[in-house]
Amino acid sequence: MSTPFYVSPQQAMADRAEYARKGIARGRSVVVLQYADGILFVAENPSRALHKVSEIYDRIAFAAVGKYNEFENLRIGGVRYADLRGYTYDRDDVTARGLANVYAQTLGTIFSSAAEKPYEVELIVAEVGDAPADDQIYRLTHDGSIVDEHGSVAVGGNADQISSHLDQRHRDEMTLAEALKLAVEGLARDANGSDRTLTADQLEVAVLDRTRSQQRKFKRVLGRQLSRLLEGEQPAPEPTSDKSSGGAATAPEEEDLDLPDED
Amino acid sequence: MEANPRSTGRLPAAFLTPGSSSFMEFLGEHAPERLPGNRELPPVKGKVEAPHGTTIVAATFPGGVVLAGDRRATMGNMIAQRDIEKVFPADEYSAIGIAGTAGLAVEMVKLFQLELEHFEKVEGTVLSLEGKANRLTTMIRQNLGMAMQGLAVVPVFAGWDLTRERGRIFTYDVTGGRSEEKGFAAVGSGSVFARGSLKKLYRDDLTQEQAATAVVQALYDAADDDSATGGPDMARKIFPIVTVITDEGYHRLTEAEVTDIARSVVDGRLELPDGPRAEVL
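Chains as they are written, first to last, in numbering that gives the first Met the number 0: chain A, 0 to 262; chain B, 0 to 280.
Since the hints were derived computationally from the structure, they do not count as laboratory data. This structure is a prediction, so every number in the text was calculated from the model and none was measured. Hints are supplied without guarantee of correctness; some may be wrong.
[As the list claims (entries may be wrong)] Facing chain B, from chain A, some residues (calculated, C-beta under 10 Å):
{"id": "1", "residue": "73"}
{"id": "2", "residue": "83"}
{"id": "3", "residue": "103"}
Beta carbons are placed, not taken as given, at the ideal position from N, Cα and C, and that holds for glycine.
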């Protein structure tokens, strides 16, 4: 039997970080932006079924890049965490900060445990508040670090370049259409500086909309509504039925706000 | 923080185990003592006194289903609460009304709502109406031990079936036996009278307004003959809860709408105390 070579802890950690970063850099990016009425999520994702952006709880959503099976596991863990917490205490007691903290601990432990392979994921957890100042966006990296972000943030392959593009042009009071346009411009920038064109079928778009009357603020922007927004027209008022939102948003109207699940 | 009892603070394995889309299954694995079904009642002599909810009625109409309940909870011969709410949305296309032990029923509804929401978030799609109805069966079975000690919960589940495109009603017995009702249904202490009333009033071509009026009439008849069912309380302005589920989803009639219906029913009863008359032949 041969004895393994000595590897210094610094080197081991650097190797693991390098491994995770390479995995993440292979994927397409996700962009999260604040706009006047909430938080916008835009991912370059041709799949209609395998989502990169999802609902976690009433005001909280999740976006991720990297290895699908790993972030899907974390997403489901997050939904379970949020639902259990809301069931134990109250729906108001489920916060993005708490969730981001649990994700950070989980990613951090996995990253530093020699027995496990580090997760090749980067996550964003965002919570929409009653006013833009109350919005919270947390970015979590593969090693479990949390960054509290404001305004705009990008994760994934080309994140640095996209971020700098967004940072220069983002304003908090942007409308949804303006924010979407900026996000798509950002995502369309290639690593070598040339621009591609992204169409509606290549994009996965969702919002946490604070003006929604329902308790669950998450809504996917799909089909005609998305095309209209991309073309820069004013969006039509939200349809009475949310069947088109892929079942993502099914809370009752405002007169039902005295329900027992809020107790 | 209940999610991270371990010192590392990371999500316990149960949270990250793929597979189940059911919140109840997850709870059973991670914190079984929190499941209502796993609680044991200490041995008691005689009946346990706790507030009971009374009458729930439902009726379908072309284009949807209405589900309504009176507002009274009783404890023995006492009125425990005058304005209890016993009809709740289960998700966007279904609602649940509960008769029986109020405390346990409200907990069951809360868990049922969460179960549907959890599935929807994890799977990205909604359960079929049958699937939702079957989930409720499981929950009632878990309460069987309590039911044997007199703390039964008997729900009515009504919803809009998105694939069959019609309103449907399911009733349950204490053992979880599920049956689909054609046209109309009633459960609870006043159900006998409510069902008799609906039998004479119900037609399968009612409009939504007529169906809503018919269920309020039925609740009036139930309150007329059953002391545990509350009628419209004109003095305190407490009226039944009436909900409607159509292809546009769940909708609870506003206080003003229900007040109008209840007033016209009560006004009619001042003329004919036994309510509208049906033909003999």
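Among all the numbered hints in the text so far, which are the ones the structure does not match?
-> Checked against the structure, no hint fails, so every one of them is satisfied.
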